[in-house]
Amino acid sequence: MIDAFTLPEWAALAPPLLLALTALVLFAYDSINPRSTNRPVLAGVAVVGALASLVTAVWFTLAGTGADGPDAGYDLWFVVGDSVTGTGAIDLFGGQLVVDQMALFFMIVVAVVTALVAVASYDYMAGHAYQAEYYSLLLLAATGMSTMAAANSLVTIFIALELASLPSYALVAILKDNRGSVEAGLKYFLIGALSSAIFVYGISLVYGATGHLQLEAIAEMIATGEADAYSGLLGLGIVMLIGGFAFKTASVPFHFWAPEAYEGAPAPIAAFLSSASKAAGFVILFRVFTTAFPLETTTAVIGLDWTIAFIILAIVTMTVGNFAAATQQNVKRMLAYSSVGHAGYALIGLAALTVDGGELVLGAAMMHLLVYGFMNTGAFLFVGLAEYWGVGRTFDAYNGLAARAPVACAALAVFMFSLAGIPPFGGFWSKYFLFTGALEAASANSALLLVAAALVVNSALSLYYYSRLVKAVWINDADPSLDRDFGGTPTGLYAAILFAAVMTVVLLPAFGPVADLAIDAASAVLVS
Amino acid sequence: MTVGIEYYVLLSLALFCIGLFGVLTRRNALMFLMSVELMLNAANINLIAFAFYHGNLTGQVFALFTMALAAAEVAVGLGIILVLYRNFRDVDVTVPSEMRW
Amino acid sequence: MMIETILAVTFAGALLTFLAPNRIAGKLAFAISLIPAGLSLWLFTAFDGSGNALLEGGELAFENRTTWIELGAYEISWYVGVDGISLPLVVLTTILTTLAIMSSWTPIDIRESQFYGLVLFIEANLIGVFVALDFFMWFIFWEAVLIPMYLLIGVWGGPRRKYAAIKFFIYTNVASLVMFAAFIALVFSLDVSSFGLPEVTQAMLNGGPDAFAGVAGSTVASLVFIAMFLGFAVKVPVVPFHTWLPDAHVEAPTPASVLLAGVLLKMGTYALLRFNFTMFPDQVETYAIPIAVIAVISVIYGAMLALAQTDLKRIVAYSSVSSMGYVILGLIAYTHFGVGGATFQMVSHGLISGLMFMAVGVIYNATHTRMVTDMSGMADKMPIAVGILIAGAFGYMGLPLMSGFAAEYFIFFGAFGSEVLSYAPVFTALAMFGIVIVAGYLLFAMQRTLFGPYRLETDYEVGRAPLHDIAPMFVLLGLIIALGVAPELIFDMILDAVDPILEFGGEA
Amino acid sequence: METAFELAPAIVLLPLAAFVVALLFGNYMPKKGALAGIVATAGSLLLSLYVMAAVATGGQHQETYFTWAAGDAVSETGVPTIEFTFGTLLDPLSALMLVIVSLIAFLVHVFSLGYMNDEGETGLPRYYAELGLFTFSMLAFVIADNLLMAFMFFELVGLCSYLLIGFWFRTESAPSAAKKAFLVTRFGDYFFLLGVVAIGATFGTLAFQGDGSFVAAAGEAIDNGETLFGFGAETWVTITGLLVLGGVIGKSAQFPLHTWLPDAMEGPTTVSALIHAATMVAAGVYLVARMFGYYALSPTALGIIAFVGGFTALFAATMGVVKDDIKQVLAYSTISQYGYMMLGLGVGGYVAGVFHLMNHAFFKALLFLGAGAVIVLMHHEQDMWKMGGLKDKAPIVYYTFLAGALALAGIVPFSGFWSKDEILFDAIIVGLNEPIFLAAYAMGLLAVFFTGFYTFRMVFLTFHGEPRSDAARDPHPVSWNIKFPLLTLGVLALVAGIANLAPVYKLTGLEITYLEFWLDGQYGGYADLTYSAYGDTVPFGTDYIGSETITLLIAAGLGLGLAVGGAVFAMVLYNVPEPEPHTENLGSARTVLRSNYYQDEYQVWLAENLTLPLARAADRFDQTVIDGVVNGVSSVSLFGSGRMKRLQTGVVTNYAALLIVGFIVLLVVLGVLGGWFV
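Chains as they are written, first to last, in my numbering: chain A, 752 to 1279; chain B, 13 to 113; chain C, 347 to 854; chain D, 334 to 1011.
It is worth saying that the hints were derived from the structure and are not from the lab.
Treat each hint with caution, since some may be false.
[To be verified] Here are the simulated SDA-like pairs of lysine to any residue, each with C-alpha atoms no more than 25 angstroms apart in a straight line:
(1) K927(A) / M46(B)
(2) K978(D) / A1211(A)
(3) K364(D) / I730(C)
(4) K978(D) / A1161(A)
(5) K508(C) / A1161(A)
(6) K508(C) / A1148(A)
(7) K508(C) / K364(D)
(8) K727(C) / F358(D)
(9) K508(C) / Q1080(A)
Sequences are here, hints too, so could you generate the full structure?
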């Protein structure tokens, strides 16, 4: 075998770096040539950047970067670190950033969603001013999210989180003359600001309790029992951190911004936020709670098992989300609530952690976020397609769309049933694994049976409103009185939607590798 | 003589609560924003105090970051408030409530 | 690989048809459906399996197993194969689909390519349900049947189609969820490392589940048994979980009804046999009486409901509930003839109800009404169709030398001598009274609609039905009589597959 | 001899072939398929005679053709497996019945040429196909060698009668009558099937004959005093026997399931002839004779058979008195006559019962065909009050009909007399030993008078006196294909009695009770299916008034006397130029009789005023309660959803508030759990 040429370690950050670079390129282009509406170039650059990030992330994953043990033995030519034994998690800047399998996994998710959104935006944003700003903001946000995946210290976490949030506020409100967009932006921003204030305060308390901001260091302080004196302080801090993450992942009670933000924002941005941003929120959530607050030692200090918090959050979140979604009239809003519900599902990933193990369920949550990245993005992009065609926003407005666009509607059906988690689509697996994880944990903590039950009930309910949308487009007949003349067939949107749909279907038979990857990643962070 | 750490914490807590109170009661977007800034600064006080207490500089450095980000946040916020005013002819945060339920 | 070929061909055909232009979709789908039909018949002739797929000593035909996903301790695999229970159902599926497609040339006149594509898609998944031997494969096919059926009812159905479709979809899905959750819980409490049904079955039979989440093993088994029974009970359906059926049937287009009554209901009973009655012999004994009560109620109550209907399709729909009650009775009898008869009834009822729905459909095509009160003397106008309808009706009544009688006789005979079920003769006698009621409502309906002076409320010119409407019914009638005269055609292989169940289950 | 038995299946299959041919090609054939039927039935007749000859020369045959189904099933008596097969059992009884059935079927086919073809009916291929199927089913039923096969073709017979009774489906009445016939008999068959299942599950076999037969097994079980399904063996035999009897009562139109038969007159008269004489109705009694050994094991069952028979005989006869429709009278006479057969069998008079079955087949076919002829003469008028004076216009019809009437009334020396007399004799001698049977006897005896009366009322009203309508004044001519069957049957009605002149034998000692020898297997047959074998099992003793001869004479005298009395009474009343409707004088009794003791009424009431409302109630319950729950669940959750989304007020300040509240709640919960506030 060829002796693999070894890249420097910082190169492991290539995915976020590439995104950042693209963002800067777009800035430069804009400053050289303001008011440019050369969509092909702009969108092209953005897509290229996102894809580059995606490719590197995938390549690193395959190359076993950040993995250790025999799993890393892929024989690829370019690798970071050692191709035979694997590198183990790569710590950068004194552990401020870390690149391991979980980081790469979520970098992939972010990059994929970004690429899809960028492609779709090509048509959707047609005719809008500030093209360049739009794309560069998009990519900056993506950079932030991609960095969140690697952030390993409360400092970097906070910075990355803000880097992701601030552009997002702007993106939501980017349709300046659209009251909906502005209202959405405002609400998103205000709640966001509030949450980040709480979050920072939480950080300060944790720092007060442990004197460190780097996650391993915190863990060590807790383990060595030096934080015992500040159990209340630490507990309060942890709860406040949860608040910050809850905002990012749109979990109850920090979810209030989500319905409005998604409804008001341009559809691609809604897709971006509800998929990538949510995923990014979850990755830091996972990292902080697995790395900084290992279950056993933390329980010893703060006097309770923090999974209880996530059990409560998970149940409440999925219930609120699904129930509120059930009777929505506005499709986008329904999707928004459903994404709240899905946040509840993903929370099971932490709720079902146990002192010994839990990599299965944590991995399941990661898989779910990946699959969700495809099906949910696709669903929102379909809404984007509908908006592009100027059909209304309500279910009734969607009636009989299948007659006009059978292929896209078939894709929509795929997304809906996959979101509902019924076979034969990818959503089934991830949801099932979450369920399994909950059941497995139930043998240790029977409160998890409640979670499992809630999952079943909510899935049943979600079936109702998802199939309602399928019913609208496929079964109901269009109101003959309004004769819509749709524009042409927007290639960008179609391409994105179809790709997402295909992936959603393909992920059913080809779920094995994804599952392995996710579970490896999960076990890696759990042992650390 | 030095002041006990708990007083700093109480101060910051008080500041935090004042900010929170502002957030909950003020309808003017700018006041809302300022209240949030108060909360952020409450955190900063903590960070600096604890840094002093623990004898490492991490907290103080982080406090600097926080201020910078706070500034950025305000910038974006003001931008949004501007378009808010342009669309609603008002900066009352309770006015834009078209999207609900 | 034969089974894989069948599945692949059918799925590919579905896709092809979906993309084909509407004009040729019907013919194309028919041509395509001939392939799986032919292949499955070849399977039938080449079948060399013995014993039961799930139990020790069961030799499967056309078995194939490859690992699909390895998940921690558990392995999910692609695992197919047929035994004497599933093979007849596979053949039933393919043949019925082919005929259903032909019978829909007349009634289906919008979005044909989508329609036929979905029908083929359903067929593929139905086959999958019957050949799958890994729980996940099975469940995926099981669920994947619902979506196209939902659309078939919803798009091409009658006036209340939307309500019916959503009701069918949600109701059956919720049921599957319950069953699914229960089964997963069961697997976790067993010591198995695979979701292969044989493994799970054997684990159940030697030892059964351990305690799970603080619940004792035996309790787990009982709870799972009940939950799964309820889950399948909706699909079968047994009273009181049957209310989705009449709505779905009445609204569904004829071919959908044919598949729904012909095969989809059999999924429920098949699953009951495969899971509850193969894996839980002890629970079967424990809950024999309540289940038998449910069965008897389904038979009598369903028949009574049918008696009260004036819509021909509703009549057939409710009588399906009644007939499925017989299947439950046969299963719970837990004797060779009982369980074998139940399986035989699945096939037989599939053929007969298919025939009935087609015949009713043909009359509906001509008259655009299904109301008993709207017509009379149809025999005058469409003698052949009516003749077949009468034949089918008598098949339903269990006329000897037609498959219905064989099935019911086996079930009654098996149930009467049941040792698992106490008071078996009483239950048998009660359930058997169904054969009188069924004769009652079918004869009443036929007298009012088919005989007497010709009268039609709707203003349509009734002419003879075209050949491609009649031909499928003749095929079905032929099969019904063939199975009635020589049940051994499939009964042998069925008994061969049923025998181990009772052996391992210990025919008390 | 063997060849005869090897050909036996052809007896059955020929009519089936005729069915197929007529159905497929009937329209293109001369006579619309009649020829196929005639040829087939003629063939069956010849083969049946051949088989009879074979049996007569000491042969018997039992062969299984193929296994319908087989499998493990542990029977109550411990047999591990069971086989359900199709096979033939050719012994004196079945051979005799084969001849009767094929003969009548053949004659009916011929008669149909005149009755259907010449009258320009439509749908003849269907008619002949159904006739063929009917014959096939009955013949198959007759040769069946096991109970299940018997049941199957028993059911098919029911189907065919349904189809033929409803032949004129464009009318309102025919389909309704057909439905009634099938439903009522189906009700009986419910018990029959239950019986079949029970017997199978009990003894693990359903064979009629041999050591492997359920009869033998039952005998053993009783001897060993086993317990079957929690009952004593004999009780269980009684129960199962009675269950099977349910089917018999339905098919043979015994009380209370006789109501379908009069309505069945809606079918073509030829069909009535076939149904009443040789196929459907005869099937029931034949079944009892077929498994007589089983009933012989249970005195209770026999007693019930006897009483059902006796009662039905009288009950139906009374109703026959007041009917005006010639076919109605015959219908009730049929019910009554089958009552006699049941009575005979019930008192252990196996030979007598079968003897009457045979004779009745001939004279009842004769009477119906005669009635058919009359209807042709009368241009399809059936009301006897519109007839009269036909005797001179159609002498052949008249005299043959008269022969049938005499046989029916039981006037010496016509066939009916001998068999009926034998039945009554058997009844009285048993009754003298076990007085309770005297009641059955009495009913049978009384019925004789009514029989004589209504029979001759019919004859006189139809043929004597002055014509009472234009149709009667110039009747439609009848052709050879009507006369030939009448003549054949007329002769048989006269002489068939010779088959078993038991009284003569008892008086003179001449060995001329051929039928008894025949059924006793003295020419050929299975030992376990002979009269004497049954005689040993039958638990009844006999007694005589004085000597056997005296009893015989008394019984014969009584019977004959009453019959003649009835006839004479009818003559006095009706053999006048202008007969009066004397039955009017019966007053309220007449209304009761005219409305058949309200038997139909209560059965219709059961169907329409009990079952239907019950069904509708069930339907309403289903729609409201059960489905209501289903829909309720969904509406409740949707309501919940409606509330849930109100949280989202749209005012961002509220969000902030709710957010903080939620956060604090979480904090408090965790804090309390974690004990941070202490």
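Hints, verified against the model:
1. For the hint pairing K927(A) with M46(B), the CA-to-CA distance comes to about 23 angstroms; that is within 25 angstroms, so the pair holds.
2. Note on K978(D) and A1211(A): the hinted pairing holds, with a Cα-Cα distance of about 18 angstroms set against a maximum of 25 angstroms.
3. At roughly 22 angstroms between alpha-carbon atoms, K364(D) and I730(C) fall within 25 angstroms of each other, so this suggested pair holds.
4. Of the pairs offered as hints, the one joining K978(D) and A1161(A) is violated, with about 29 angstroms between alpha carbons and a cut-off of 25 angstroms exceeded.
5. For the hint pairing K508(C) with A1161(A), the CA-to-CA distance comes to about 18 angstroms; that is within 25 angstroms, so the pair holds.
6. A threshold of 25 angstroms between alpha carbons decides the hint, and for K508(C) with A1148(A) the separation of about 17 angstroms falls inside it, so the pair holds.
7. Restraint check: the Cα-Cα separation between K508(C) and K364(D) comes to about 56 angstroms, which exceeds 25 angstroms; the hinted pair is violated.
8. The suggested pairing of K727(C) with F358(D) holds, with an alpha-carbon distance near 20 angstroms, which does not exceed 25 angstroms.
9. With a C-alpha separation of about 17 angstroms, the suggested pairing of K508(C) with Q1080(A) holds against the 25 angstroms cut-off.
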